[in-house]
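> Residue strings, one per chain:
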Amino acid sequence: MAVDPLLPGTSSVREDVNAGLGSRETKHLVRDQVFVALLLLLTSVGLIVLGALLIDTGLDGIPSISMDFLTSFPSAFPEKAGIESAIMGTLWLMGVVALVIIPLGIATALYLEEYADPSKWWNRVIEVNIQNLAAVPSIVYGILGLAYIVRGPLDLGRTVLAGGLTLSLVVLPVVIITAREAIRAVPPSIKEGALALGATQWQAIWRQILPSSIPGIATGVILSLSRAIGETAPLILVGAATFVAFNPTSLDSPFTALPLQIFSWISQPNEDFQALAAAAIVVLLVILILLNAVAIWLRNRYQRRW
Amino acid sequence: MSAYDPRSPSTLGAVTEPEQTPERQAGDPGVPGQVPPIPAGEPHAPAPAVVHHDVVDHAIEKPVFETEDLSVHYGGKPAVLDVTMKVPQKEITAFIGPSGCGKSTILRCFDRMNDLIPAASVGGRVLYHGIDLYAADVDAVQVRKRIGMVFQKPNPFPKAIYENIAFGPRVLGMKGNMDEIVETALRRASLWDDVKDRLKDNAFGMSGGQQQRLCIARALATNPDVLLMDEPCSALDPISTGRIEDLMHELKETVSIVIVTHNMQQAARVSDRTAFFIVDLSAGEENRIGRLVEYGPTDRIFTNPHDTRTEEYVSGKFG
Numbered sequence: 276m277a278v279d280p281l282l283p284g285t286s287s288v289r290e291d292v293n294a295g296l297g298s299r300e301t302k303h304l305v306r307d308q309v310f311v312a313l314l315l316l317l318t319s320v321g322l323i324v325l326g327a328l329l330i331d332t333g334l335d336g337i338p339s340i341s342m343d344f345l346t347s348f349p350s351a352f353p354e355k356a357g358i359e360s361a362i363m364g365t366l367w368l369m370g371v372v373a374l375v376i377i378p379l380g381i382a383t384a385l386y387l388e389e390y391a392d393p394s395k396w397w398n399r400v401i402e403v404n405i406q407n408l409a410a411v412p413s414i415v416y417g418i419l420g421l422a423y424i425v426r427g428p429l430d431l432g433r434t435v436l437a438g439g440l441t442l443s444l445v446v447l448p449v450v451i452i453t454a455r456e457a458i459r460a461v462p463p464s465i466k467e468g469a470l471a472l473g474a475t476q477w478q479a480i481w482r483q484i485l486p487s488s489i490p491g492i493a494t495g496v497i498l499s500l501s502r503a504i505g506e507t508a509p510l511i512l513v514g515a516a517t518f519v520a521f522n523p524t525s526l527d528s529p530f531t532a533l534p535l536q537i538f539s540w541i542s543q544p545n546e547d548f549q550a551l552a553a554a555a556i557v558v559l560l561v562i563l564i565l566l567n568a569v570a571i572w573l574r575n576r577y578q579r580r581w
Numbered sequence: 022m023s024a025y026d027p028r029s030p031s032t033l034g035a036v037t038e039p040e041q042t043p044e045r046q047a048g049d050p051g052v053p054g055q056v057p058p059i060p061a062g063e064p065h066a067p068a069p070a071v072v073h074h075d076v077v078d079h080a081i082e083k084p085v086f087e088t089e090d091l092s093v094h095y096g097g098k099p100a101v102l103d104v105t106m107k108v109p110q111k112e113i114t115a116f117i118g119p120s121g122c123g124k125s126t127i128l129r130c131f132d133r134m135n136d137l138i139p140a141a142s143v144g145g146r147v148l149y150h151g152i153d154l155y156a157a158d159v160d161a162v163q164v165r166k167r168i169g170m171v172f173q174k175p176n177p178f179p180k181a182i183y184e185n186i187a188f189g190p191r192v193l194g195m196k197g198n199m200d201e202i203v204e205t206a207l208r209r210a211s212l213w214d215d216v217k218d219r220l221k222d223n224a225f226g227m228s229g230g231q232q233q234r235l236c237i238a239r240a241l242a243t244n245p246d247v248l249l250m251d252e253p254c255s256a257l258d259p260i261s262t263g264r265i266e267d268l269m270h271e272l273k274e275t276v277s278i279v280i281v282t283h284n285m286q287q288a289a290r291v292s293d294r295t296a297f298f299i300v301d302l303s304a305g306e307e308n309r310i311g312r313l314v315e316y317g318p319t320d321r322i323f324t325n326p327h328d329t330r331t332e333e334y335v336s337g338k339f340g
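Quick note, the sequences are listed as chains D and Y, same order.
Taking the working numbering, I'd label the letters of the first sequence as residues 276 to 581.
Taking the working numbering, I'd label the letters of the second sequence as residues 22 to 340.
Treat the hints with care, as some may be off.
[Stated by the list, open to error] Capping the alpha-carbon separation at 16 Å, the derived lysine to aspartate or glutamate pairs in EDC-like fashion look like this:
id: 1; chain 1: Y; residue 1: Lys166; chain 2: D; residue 2: Glu467
id: 2; chain 1: D; residue 1: Lys466; chain 2: Y; residue 2: Asp136
id: 3; chain 1: D; residue 1: Lys355; chain 2: D; residue 2: Glu546
id: 4; chain 1: Y; residue 1: Lys174; chain 2: D; residue 2: Glu467
If you are wondering where the hints come from, they were derived from the structure by calculation, not from laboratory data.
All values derive from a computational prediction rather than experimental measurement.
Okay, chain D solo, but in the shape it has when bound:
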């Protein structure tokens, strides 16, 4: 056996490698392909399950979707029942959520990114808590909403405002986290440039940093809304009604929402109501896909490479 003069003791390894140069196509390529096939299989398991669910729901639900379905109120008779009050309730809720989370989320993110001194313990407490709050189950927020918003200090009753505020609490941590990321993505040199021109910190933030981070913040807000739109548990706890035969007219109206309507119909024994639930799920999915599409479009359209 030849001894490699440069690396004594490695000659056998070297010979293996040299021998392997010729046989690579047989042994290694097969292994590579098996691994890729395995990965594809595992990926497709998730996709197939999701696809089957969508197709099943679509087959059940799409025949029931009509203008009448979209413009009728719930009813004890399945052929007359519709989701107008649920859609309107959901829109009202989303309006409240948007009005609450946009200013609160951006303000908190700006404070934490631009003003908070991370060496102070209270700022670290805020930061850790926001991270943790994002992982708290939404039903816990429902209990909180029931205790402090519906009853307790705010005492708003089972109204659109109470439901919207509760949903805002659910998604606020996510809004704050995504807004912080969007603000952090603006390079410090932009802020330096503005400050060097004699801008105050507020002018630098308001005229340069915030406009540059708006697309990222908007994406985060839309994704948060699309999470809030599907939330059911907190709304059940704050006592949203499931049978509401009128649209909300103000912030203190009683209300229902799409996921609640679905939940209520699913629990009916009558098969026809099951089909209505499937139809409402399709409507909710379409709204969700539209919201997410807007978010993706915003991100791609305004994404900036610094």
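Fit chain Y to the given chain D structure using the hints.
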């Protein structure tokens, strides 16, 4: 707040006659690529007479900046110590020296950009036309409104070219025709002919050299009397660099310029005066302290330096 008095003892005290230079005997030239040793002293003690000011510099009438024992500490550790110098008006002053010698740190004291680093603390005094920039009643924002700054990497705002220039004047609340202000600033930065037809285009579409000249124009739009430039050409190609150097020669008719540069040839080409900084390792490898070694007319610094370390640096033996 006192006006500069050329005979005041505090400034005269720092003058060291070129003939009395102890380092010259001490210095057999150091190993190339290494910082020559500095005579050992107690750490934190004043540097052992390392400053070789030219007497001429102390005769500068009405300096735009005057520092007295200016020191900067980061988190309690000294970064630059005991810089005493005068920066003349309507001239180009270059700061040169190896990495970590504190030249950028000193530059950033001149418009209080160090305030943005919470751990940084500034000692000594910086006088701007006789006004102490770090006095309790001086607002950093007001300082920066009078003193322009250009950074190492071009940092235009992600907006239209026009909006980039208009930002400063708007923030200042400048009165007058904004179109004229923008045009004047772009002309002064000799950028007007390049961009006059695309003022509404995003500044990110410009070349790196144009972006840097846009940043110069942006700084000039507020009519500062000083322009601080922190290695403005380090990210640019030689042709863009040449245009910016030409521009600096035109600008010095109206503006005082202080430029930090890694590039000795650039300092030699553009500057009227050169300050040479060094990294002092006498307090240990972890305590790198920047110090001003020699300051004087650029010709003399490059042809007849009084300090061996300056001589070795400008002749390319280290750094």
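> Take the hints in turn and mark each one as holding or not.
Here is what the structure says about each hint:
no.: 1; hint: Y:Lys166 to D:Glu467; in the structure: 13 Å, holds
no.: 2; hint: D:Lys466 to Y:Asp136; in the structure: 13 Å, holds
no.: 3; hint: D:Lys355 to D:Glu546; in the structure: 15 Å, holds
no.: 4; hint: Y:Lys174 to D:Glu467; in the structure: 11 Å, holds
The structure fails none of the hints (numbered hints given earlier).
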